[in-house]
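Heads up: the sequence lines are chains A and B, in that order. FYI, this note's numbering numbers position 34 of the first sequence as 34, with every residue one higher than the one before it. FYI, this note's numbering numbers position 53 of the second sequence as 53, with every residue one higher than the one before it.
Honestly, the hints are just simulated from the structure, not real lab data. Quick caveat, the model's predicted, so the values are computed rather than measured. Worth double-checking, as some hints may not be accurate.
[Stated by the list, open to error] Take a look, some chain B residues computed to stay more than 12 Å from chain A by CB distance:
#, residue
1, 4
2, 13
3, 28
4, 38
5, 102
6, 136
7, 137
8, 148
9, 161
10, 237
11, 250
12, 267
13, 285
14, 295
[As the list claims (entries may be wrong)] For each label pair, taking beta carbons as the anchor points, the in silico distance ranges come out as:
#, chain 1, residue 1, chain 2, residue 2, range
15, A, 198, B, 134, 51 to 59 Å
16, A, 243, B, 205, 56 to 64 Å
17, B, 243, A, 106, 25 to 33 Å
18, B, 278, A, 165, 54 to 62 Å
19, B, 106, A, 200, 45 to 53 Å
20, A, 23, B, 274, 58 to 66 Å
21, B, 227, A, 243, 30 to 38 Å
22, A, 260, B, 28, 29 to 37 Å
23, A, 275, B, 28, 25 to 33 Å
24, B, 97, A, 198, 47 to 55 Å
25, A, 243, B, 44, 36 to 44 Å
[Claimed, not checked] Per the computed footprint, the stretches of chain A lying under chain B, defined by three or more beta-carbons under 8 Å from a beta-carbon of chain B, are:
#, segment
26, 6–19
27, 86–100
28, 117–123
29, 128–137
30, 151–163
Glycine included, every Cβ here is placed at the ideal spot set by N, Cα and C.
Number of protein chains: 2
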Amino acid sequence: MNLNHYLKEKKKAVDLFLKHYITSKKNQKDCPPHLVKAMKYALMAGGKRVRPILCIASYEAVGGTSDNILPAATALELIHTYSLIHDDLPAMDDDDFRRNQPTTHKAFGEAAAILAGDALLTDAFAIISEAEAAPKTLINVIKELSFGSGPGGMVGGQAVDIMLEGKRANKKELHYIHTHKTGALIRASVRIGAIMGTASPAKLKALTEFGEKIGLAFQVIDDILDITGTKEELGKSTGADNERGKNTYPSIFGLDSSKDIAEQLINESVSALTIFNHKAEALAEIARYVLSRRN
Amino acid sequence: MNLNHYLKEKKKAVDLFLKHYITSKKNQKDCPPHLVKAMKYALMAGGKRVRPILCIASYEAVGGTSDNILPAATALELIHTYSLIHDDLPAMDDDDFRRNQPTTHKAFGEAAAILAGDALLTDAFAIISEAEAAPKTLINVIKELSFGSGPGGMVGGQAVDIMLEGKRANKKELHYIHTHKTGALIRASVRIGAIMGTASPAKLKALTEFGEKIGLAFQVIDDILDITGTKEELGKSTGADNERGKNTYPSIFGLDSSKDIAEQLINESVSALTIFNHKAEALAEIARYVLSRRN
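With the sequences and hints as input, model every part of the structure.
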């Protein structure tokens, strides 16, 4: 398969759905234009749509073929985007640049940024509630999304990350931060694709393992890129983790060991897919791409 | 009926459910204790539980009798609490006191307050996804809650409120702020009770009208109490709206006219209930109580 073509095609479908979503907000007279503008600014800043694409690829791996996966897939991007907006706030990571443009609070002010984040988080659930699928399936998707992104998932990881800033985390704490801050939503993305495709328990289990491994690897590689990447490649300041006293894999394990860990996790994630044969080819290719990514 | 007894009994049931919810978070090893503490602090600060009680009373008005209403009812309190935490932040209304105690960011820091709000918002949907009801009903509840609290509802109202601070709003803008900032979630509370009780279209329509009227009245009375109430009664600073240049009913219509408007809205809300006979007695009593409340 041609991975570049695959990623491009799926990103296009997701972006189209996102555009449709934000346009419908614009036309809804009850949504204040200023708020919608801030939401759109963050949402359409050129993300790679990794989580939606993982969700779609997982859905396809279990035999799903319909566009009905798009609402759930893009809801994941709304959650991811809201988390970036809130994480960038002065009280949190205090970042001025993201994806080569000023962060949302720099462009629209802090109040609008907080509210745009809240709006995107809320709308993620609105979008799923309007998707085409059996209500029982949608409830399971909502369960998965709220658990993966809530206090036992992404928000929990972010809370510990902030709390331990400037202190040296132990390996267990570092593992908690990474598997939750980034891992939990990526795991949920893969599982939601499987749930929408009514996967068998065995396939759901295999995809869960894939999601866990690739989710952790994703954050380890993020940490590595913060040291080895350039500002142009990443669209944000590099070396920021170190400056801020963040606990990262390189800061605890060293750069070389972190690269080894990432590579091993990616190999394990691909191994978890053996029961799928060629149907999970896209997922395996995405895993290898995650390891080699430069931004 | 004895309204005080009714309110006390329902508040007790809601508080019990909330306690169960927060205790289960405490025992869930994936939820950071510091984050759960901040969530609990805001949630258990002694709110009147107006939204959950309206939801339960509406459910009972259409014939509902089971405790299965509690998850949906308390999800409304999670949304309300998150909105207070975020609204109190320095970048928003910058309030130091709420319910006679320091606001969440004063007690736990801004980052923890932002994340506690995000966690409560997310968990509102998690709680509903685990409730006992037909999946189709739960999807309709999630639709209602996300629309009422999202950018076309509560968050939209808050965005316009903040944007027009210090500027004089016209009557249309003031109406938008009040029907959305406060009205939309109260309307949703009443409608969710009706949906959970599988109300007929005619009854849902009547309850929607009730919810709209009482929701707007609630915020008008809030504005009035900010002028006429004492700090002890309200548990927060009074006169803060005026100091901050907020657009309120008294600031646009004057205090006496605002009282008349509130009274008329409450009368209209009670009139909307005529098709229910005695089954909506509690709702009518609550409406009258809202008009006479001192905090």
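No chain A beta carbon within 12 Å of residue 295 of chain B's: 26 Å, holds
Kindly confirm whether 45 to 53 Å is satisfied by the beta carbon distance between residue 106 of chain B and residue 200 of chain A. 51 Å, holds
With d taken as the least Cβ-Cβ distance between residue 4 of chain B and chain A, does d exceed 12 Å? The claim stands: residue 4 of chain B keeps its Cβ more than 12 Å from every Cβ of chain A (closest is about 34 Å).
Quick one: see if chain B covers the segment 117–123 of chain A, three-plus residues with Cβ-Cβ under 8 Å. It holds, with 6 qualifying residues against the three required.
Do the Cβ positions of residue 97 of chain B and residue 198 of chain A conform to the proposed distance bound of 47 to 55 Å? 51 Å, holds
Does the no-contact call for residue 285 of chain B survive, Cβ to all of chain A over 12 Å? 31 Å, holds
Given that the segment 128–137 of chain A was listed as covered by chain B, double-check it with a C-beta distance under 8 Å for 3 or more residues. holds (count 6)
Residue 250 of chain B non-interfacial with respect to chain A [C-beta, more than 12 Å]: 23 Å, holds
May I ask you to test the hint 56 to 64 Å on the CB atoms belonging to residue 243 of chain A and residue 205 of chain B? 58 Å, holds
Given a hinted range of 36 to 44 Å, is it respected by the beta-carbon distance of residue 243 of chain A and residue 44 of chain B? 38 Å, holds
At 12 Å, judged by beta carbons, does residue 38 of chain B keep clear of chain A as stated? 9 Å, violated
Check of the segment 86–100 of chain A against chain B for coverage (Cβ-Cβ below 8 Å, three residues minimum): holds (count 4)
Comparing the model with each earlier hint shows violations of hints 3, 4, 6, 7, 8, 9, 15, 20, 21 and 26; every other hint is respected.
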